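Start from chain C and add chains V and X according to the hints.
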Amino acid sequence: MTSATVTGRETAPPPAPATERRPGRVRHRPTRSPAAERRRRVRTRIIVAGIAYLVTFLVVLPILWIVLLSFQQSDQILSDPFSVQTLTLENYRDAIATLPLVQMYKNTIIIAAVAVTIGTTVSFMASFALTRMVFRRRGVQSALLLYFLAGLAVPVYVLLFPVYRLDLALGIFGTYAAVILPYAVVSIPFNTLLLTGFLRGMPGELEEAAIIDGAGLFRVCWSVVLPVMRPILATVVIFNVVYVFNEFPFVSVLINDPDLATVSLAVSKFQGQYSVNYGGMMAAATLVLLPQLAIYAVLQRHVIAGLTAGAVKG
Amino acid sequence: MPGYPFRRPVAAVATLAALLPLAACSQASDAEQGGPTTITLSMQNPDVKTADPATWAIVEAFESANPDVDVEVSGQPVAEHLQSLSIAAQSDTLPDVFWVYKSNAEEMLAGDRLLDLQPILEEQGVIDSLPATTVEYFTSDGTVFGVPYQGLLTGLWTNTQVLSDHGLSTPTTFDELLQVAETLADEDVVTISNGASQSAFSVWQFLVWLDRFGFEEKMDGLLDGSESWENPDFVRMYEHIAELRDAGAFSSNVSTQTYQQAVDQFLQGEAAFLDAGVWAAGAIQDSEVAPDTTFWKGPTFSDGVGEQNIIMNVASAPLVVAKKVGEDEAKLDAVERFLGFYYSDEAQQLMVDNGQPPVTTYEPELDEKEQSVLKSALDAAREEGVSTPGTQPDLVFPVAVSNAIYDSIYGVIQDQLTPEEAAALVQRALDAE
Amino acid sequence: MIWLSSRWRIAVMVLPAVVLFTLFFAYPVLYGVGYSLTDAQGFSAPRLIGLDNYAALGDDPFFWLSLKNTVIILVVSVAFLVPASFALALLMQQRIRAAGALRALLFGPAIVAPILVGLVWVFILDPRVGLLNRLLVPLGIPEIQWIGGDSLTPYSIALVFSWASIGFAMTIFYAGLQQLPDDVMEASSLDGATRWQQLLHVTVPMMRETIGIVSILLVTNVFKIFELVYMLTGGGPVHRSETLVSYMYFVTFTSQRYGAGMAIAVVVLVLGALTSLVYLALARRGRSA
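In order, the protein sequences belong to chains C, V and X. Residue numbers for the first sequence, in full-length UniProt numbering: 1 to 314. Residue numbers for the second sequence, in full-length UniProt numbering: 1 to 433. Residue numbers for the third sequence, in full-length UniProt numbering: 1 to 289.
No wet-lab data here; the hints were simulated from the structure. Accuracy of the hints is not assured; some may be wrong.
Said to hold, decoys possible - Not the full set, but computed from the structure, chain C residues with beta-carbon under 7 Å of chain V:
#, residue
1, 71
2, 75
3, 137
4, 161
To be verified - Here chain X is said to cover these stretches of chain C; the calculated rule only asks that three of the stretch's residues, wherever they fall, bring their Cβ under 8 Å from a Cβ of chain X:
#, stretch
5, 36-50
6, 103-115
7, 143-153
8, 197-206
9, 225-239
10, 245-257
Fair warning: this is a prediction, and the values are worked out from it, not measured in the lab. All residues carry an ideal CB built from backbone N, CA and C; glycine is no exception.
Excised from the complex, chain C in its bound form (with noise of 0.2 Å):
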């Protein structure tokens, strides 16, 4: 391990000496009794805990209002969204008939579950390399990085047809594997981005330690570094889920079976030529969003926060 690797906490400046307090704030903060003091932090949460539901709501009004609108009757969507008389079950029927759901979510579920696996393995791979091995020339390790990173800003739009003819190529087109190995492979640039930077910031003793210790490579990565990895790992599988879920111009393209649709072309399948049924859109797009909050909910629970409520408080 070499210093350059190590960041984080070794380059941190010091606190501040907590002892130079402004004068100014020290008028307003005269000594308390305990019992104020207790007062005034309760009142602090309160308000904490005020701005943090107030920000959620709004952040969470736009899409209550697609739910809402996933109720409302296509042509009241435009002219007259609130009124409850026209409130209807109608779009969700629409919906239903015309989209194989479950098929639809099998498919989504296979292709994200082998996609987001080779996506993040290689990831990880490629960033702990890069990041924590030690390269006869670091140019190289340098360049590679930067050859990764650089895909972070290409639209897609550039990809689909050399992908295409890639796919014919190696006859994959026709199968799952005709978008998964675009959708691994375009959340590389992604995973190593957020990889390489927490890796970077992870100090490196432990793993020393555990070379000592005799541990080989995997063991290093399997059983030192994963498990402290674990809320950004978790993090990234969330985003490339969401990616492969929300995924329109590869899927369009690369697949032509409608027994291999995702749920990305559900909401595509209510926009015609020369019509748009708003009101099946919403019941689609509610109908693929609210099992993705779910999964989220449990995953960030058990995951991201399971894990550090154990080091923080234990």
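Quick look at chains V and X alone, frame taken from chain C:
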């Protein structure tokens, strides 16, 4: 173990790599075992059944009459449909029968991707039931590369109730239309409902106006460069659009509403006219404005050029057949029968039943009450003395120029371009060709 | 670590990503670059025309408009989003009832497909039928052209982009905060540092890496904004509100000028690569500091 730290992941990747081609094989190989012949029909609507019921009904009827043929209908929104086609054309993986813009069809023909349909049409005896102008329109260098998919009969749907509520009657000249717009603007009612967002092409009425300012006679010159789009006639046409705009004829959110929203605006009785075509008949028929709706071919111009009594009633984008269908006898036979059926009287009546005008010379049966809206459009097209241009002006140019035409018209409607700038925009696109 | 860095071990770690990335990403991009040197249009066979497409971009007022709009969105959303999402992540660290549910809800917009984000916001921002003006106009405020007018559209797009991205950025910040070593945090609070001092002198410096990551992600995502514009205004009126990728989409697919469209894509690509370079340079400087 420390020597081979990566046995597991490597094995996993290797297994995956081995599995992928297998999956490909298992999917690809159950076609050639007798059974019904499958032909693919690829359309410009993702949900053909609801968005294009006429085509759906014809396919259903064809399949029940020909149990040995299976028509696999698929579709995507127009943009993705064309995207997929252009990719497939270059990889020679086109669907068997598909919808495509005429200019694209001609490009594919030049790339030798399309089947000559002349023999099929003759064999099936349908060539005589198609209007001669239509066949000619889809002929290039002696090859018939396409057949009409549906009719392009466009005009202004008119809500007579909105007009009479404000003491107005249906206009015939541009000056009368302008007066209608001024009156309605005072009452905060939209005169012509249009939507530019994601639907810049929805300017059908103004494309007819080009024909009322001499487009037909200028067409060849525009194509070979001897005539300019910035001619005084066209500039005058744009000026008239500007007059309408200044009179408050268009919706204040014309930039952000889509064509679908424009339709809804009309269906809610919030606009006097809807710039659209016969395809909207079904939606209007199902709405409350149906009894008050009539079809108007648009205003005449005292300063126009050439015949003013015209209605746009031409063939829209074609259906075409991939060249490689010709190499598969069973497929070719199935496609032949399909096209034969498509232009039969039975199928054309199905079209009418689903709100589309026939594309052959067939005289359809119409229910006066149930199909009053469609009937008013067909009646307008068959009115004494009215004639139709050969084609809609945007359809004769490459797609880039068509889009410049749409931009020029909406540019004036949205007060972004002066009439001169609008004309120059199109000329720039023509020059780039 | 040097003990485990034999050449073949490095190869095993790096090669899967390199091979896949080269095949499905770098090669297609080169293909696109090649196309940008042709006059490929519609369904016709392409012809090499050198740098003409790039030269034509210089004279294309819509291209410059789209670049300008992209920069406006970039400045507005990054200046607002980075601090706001960081603050939100800090907020989420406080002990709040149902904080887990709040985080899930805040992440909600990131789950909505961009196409739908655009669609929903049309119903909010549309000057005539949108929710906002429906609320404001009765109060006597004149109809404001939030989208579709001459000037406000890029700012509205920045707003919608911020809405769609704030939960996403917050989640990354949150994960970063979770990885901070607790002993340092506890030590500094035991030292009696005020919250504000702790934030400024301990948390922010230690989060520098994460701040860099979020910034580069947001910047490159702004470069790629497409669906929002497509749904909100379709780029209109007459391309006034296009961003780089929405205009590229119009040129490439709507107008079917593939060669010219790929030239715009290459511009986006170069801008993105430059951003990555800046990030890497900063990251390296941070490391050796």
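Outcome of the hint check:
no., hint, in the structure
1, 71, "violated, 18 Å"
2, 75, "holds, 6 Å"
3, 137, "violated, 23 Å"
4, 161, "holds, 5 Å"
5, 36-50, "holds (count 3)"
6, 103-115, "violated (count 0)"
7, 143-153, "holds (count 10)"
8, 197-206, "holds (count 7)"
9, 225-239, "holds (count 7)"
10, 245-257, "holds (count 3)"
The structure is inconsistent with the numbered hints 1, 3, 6, although it conforms to all the rest.
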